[in-house]
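Fit chain R to the known structure of chain C by using the hints.
This is what each chain is made of:
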Amino acid sequence: MVRNLRNAVALALSCTLASNIALAQDAASADPAVWGPYATLVGRTFAGQDVSGWPNYASKSRSIQWEEPGKVMVETGVQANGGEIPKMRILPGKRPGELLFDVARSPNATARVVDARTLVFNQMLGYETTVSLSDAGYDMKVTKRGEVQASATYRDTASQAYAAHEAQQTEKAAEDKVAARNALRAAGVPATPAAEAPADRVFAYQEPVRGPWGTLQVTRGKAWEAGACFAAVYINGRWAARLEDAETAHFKVPAGKVEVAVASDPQGRGTCRFGQSTQELHETVLAKGETVHVYFAFNGGAKFSEAVQAPTAP
Amino acid sequence: MSLHPAMKTGRALLFGALLACAAPAFAGEDPSALPSGLRPYYDTLLAEGEWGAVLNLQRLGLEAIDQGHLDIAERAFDAALERVELIYANSDSAKKARSLWSAEGSKDFKGEPYERAMTYYYRGLLFMARGDYENARASFRSAEYQDTISSNETYAGDFGMMSLLSGWSSTCAGDAGMATDFYQRAATQQPEGLKPPVAGLTTLVLVESGTSPVKTATGSYGEAMQLKRGDNPFVSAHNGAQELPVLGDIGWQASTLGGRQVDAILDGKASFRKGTETVAGIGIQGATVAVSLNDGGGAAGALAVVGIAAVLVSSASKPKADIRYWDNLPDRVYGTFLKGGAKNALSIAEQTADGERYPIDAPVIDQTAGACRLVLYRAREPGALRVQAVSNLSAGERKSLQKRNETRDVAFRNEMERRFMSNDEALAGGE
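For the protein sequence lines, the chains are C and R, in the order given.
First residue of the first sequence? That's 149 in the numbering used here, and the numbers climb one at a time after it.
First residue of the second sequence? That's 2 in the numbering used here, and the numbers climb one at a time after it.
Note that these hints are calculated values from the structure, not bench results.
This list has only true hints and no planted wrong ones.
DMTMM-like, lysine to aspartate or glutamate: derived pairs with alpha carbons at most 25 Å apart:
1) C:Lys-400 x R:Glu-382
2) C:Lys-400 x R:Asp-355
3) C:Lys-289 x C:Glu-232
4) C:Lys-436 x R:Glu-357
5) R:Lys-229 x C:Glu-407
6) C:Lys-436 x R:Glu-382
7) R:Lys-229 x C:Glu-428
8) R:Lys-400 x C:Asp-348
9) C:Lys-370 x C:Asp-348
10) C:Lys-436 x R:Asp-355
11) R:Lys-404 x C:Asp-348
12) C:Lys-235 x C:Asp-304
13) C:Lys-320 x R:Asp-355
14) R:Lys-111 x R:Glu-398
15) C:Lys-405 x R:Glu-382
16) C:Lys-436 x R:Asp-362
17) C:Lys-436 x C:Glu-355
18) R:Lys-229 x C:Glu-355
19) C:Lys-325 x R:Asp-355
20) C:Lys-292 x C:Asp-250
21) C:Lys-208 x R:Asp-264
22) R:Lys-229 x C:Glu-431
23) C:Lys-405 x R:Glu-357
24) R:Lys-229 x C:Asp-348
25) C:Lys-400 x R:Asp-362
26) R:Lys-229 x R:Asp-264
27) C:Lys-451 x C:Glu-344
28) C:Lys-405 x R:Asp-264
29) R:Lys-400 x C:Glu-392
30) C:Lys-405 x C:Glu-438
31) C:Lys-436 x C:Asp-324
32) C:Lys-405 x R:Asp-355
33) R:Lys-404 x R:Asp-109
34) R:Lys-108 x C:Asp-348
35) C:Lys-400 x R:Glu-357
Pair by pair, the computed Cβ-Cβ distance ranges are:
36) R:Ala-265 x C:Arg-253: 25 to 31 Å
37) C:Val-226 x R:Asp-182: 43 to 49 Å
38) C:Gln-316 x R:Gln-185: 43 to 49 Å
39) R:Ser-348 x C:Pro-356: 21 to 27 Å
Here a beta-carbon is modelled for each residue, glycine too, at the ideal position from N, C-alpha and C.
The shape of chain C in the complex, shown without the other chains (with noise of 0.2 Å):
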């Protein structure tokens, strides 16, 4: 027992020593006079955020990490749109005071380090980056003949303004959805003549719902585009009709939160069958005993509109 109490101290001891050597290597390794700001970056993880400019400047995500702890760090990422940045390698340059980023499948980089707090990348037809730490994280903009082109900050995503900005955002979303589906429910839906679909293209909810529903109509609107298929209609993920131009079909749905998505044609054929996996989504929302008008059309892609209806009894 007393020998168990004294590994598990020595284990605990031993934990706290090597963790307190990590931090005093990366702190020792990461001279701020070699590295500037990347000597407070290195070890994090940064999610990105536009605030002027160019937009999807700024990435998704960077994670600034060694790759030979005190003399080569590597920065990896994801871009706006989903992609993978090019890998970056940093290492000291071959003057004092610069840092030369090996990028991979592209030209490489040299930047100037200011200070502790701040990196100013070479000019690059006229345009130069800049990065300069903040108190959540750090900065970026790009500059041409002094003027700001674009701008973006990095918060690290383990720190406590991350936390509180992502919480921030996630309410703003759902604030502006409810917004922008009110704006969309008083504009309504165009008041064009359209003949109920035929009961065998209809597939689903038309049986009695268990709990709470209300009741969904959707209508394709008439179209030049795409008018010669079908459009498969989804709710909430299931097939649940075929609809042609200027038909419509109503269904049973439960309350609550509603997908409705619209693609090509399961069961169409040739050029019909073509881009099944692109369905187009709307959500909106359906309380019980309430009717909701989802009226589509293609023009350029689906175009959604929606009304809400007299509430009915369930």
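For chain R alone, coordinates are given in the frame of chain C:
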């Protein structure tokens, strides 16, 4: 066959025993006539032949349970399982048949692992209702096995409910040692380990909630298939004040294999199609650009012809993914073990996230057999099931398929007539 050897001989004996002392739910049927409520599903079974046999038998079997015709459910599930076992039994001959079946690209429905597992689950419950706990256990063990195999690969077993039910069958059969082994296994499996019943409990209550997982076609030509969880507006099930634990999460089982999330299931010949697809893609994009630039139509016309022709070649060469699915399955199975004795009243209800309760008035199975009682609640309205499962075959494709299968479907229909319309117990039992 992966079922217990006693199953074969048991079927014939059971039928005799059934005639002598059948429980109410199994009796009172004129075996030469199908109940009118099941007739539309039976007609679909005959019309679709072997191509849809397993799916139509699964749907018919479960609808028969919902309508209270347990003997017909038994026949349907037996016929479905015979077809499943030809390909997916735990035997060398089935393994060989499976590899041939995959290579030939057979279109006959056999179901995804979760669907095959659930077929054994219902068969196991029907054995339980009759008090045949050894065959019930064999069925639940087969259910777990089915959840581990796809066409070409095997995965770790993670369907904890099947292990729990194997254990319960052993308890009811008086085999405490085997029961302990299964309970230990269930404690380490999804969802989050299942607790064994405490000693002295003799009633198993199962409550099925929500709607079945969904299959959709994906990929440019619908050649791949994706699985998604079905709708379920309820977040819990209760017996009076007691919240029931989730024993089986069918939505999760459908979308995972060996505990890993499945993105899409693709059965195609990628090397040929990739080349064709690239040409097609360029042609169509080019045509779109040319049309939008309004260049007079000449170049656009030529490009569109090239693009559409290539798409047609590419699409014709891609087999459609089979998106038929067993649509009267539940999303989740809740359950608990209770004390037996008198037919104590249960107060079962499902509850929404808002706290609103929806009671389920009566069970579809309530049978006491031997040492144990089984009570199964399902919330589907009998007779509301769509007569035909949804398929992505066009009318023309369906017609040519039926023509191709004409000869074997004559034999199939004869077999079904004997199974469902005959008094012959041996045929009815599928021997």
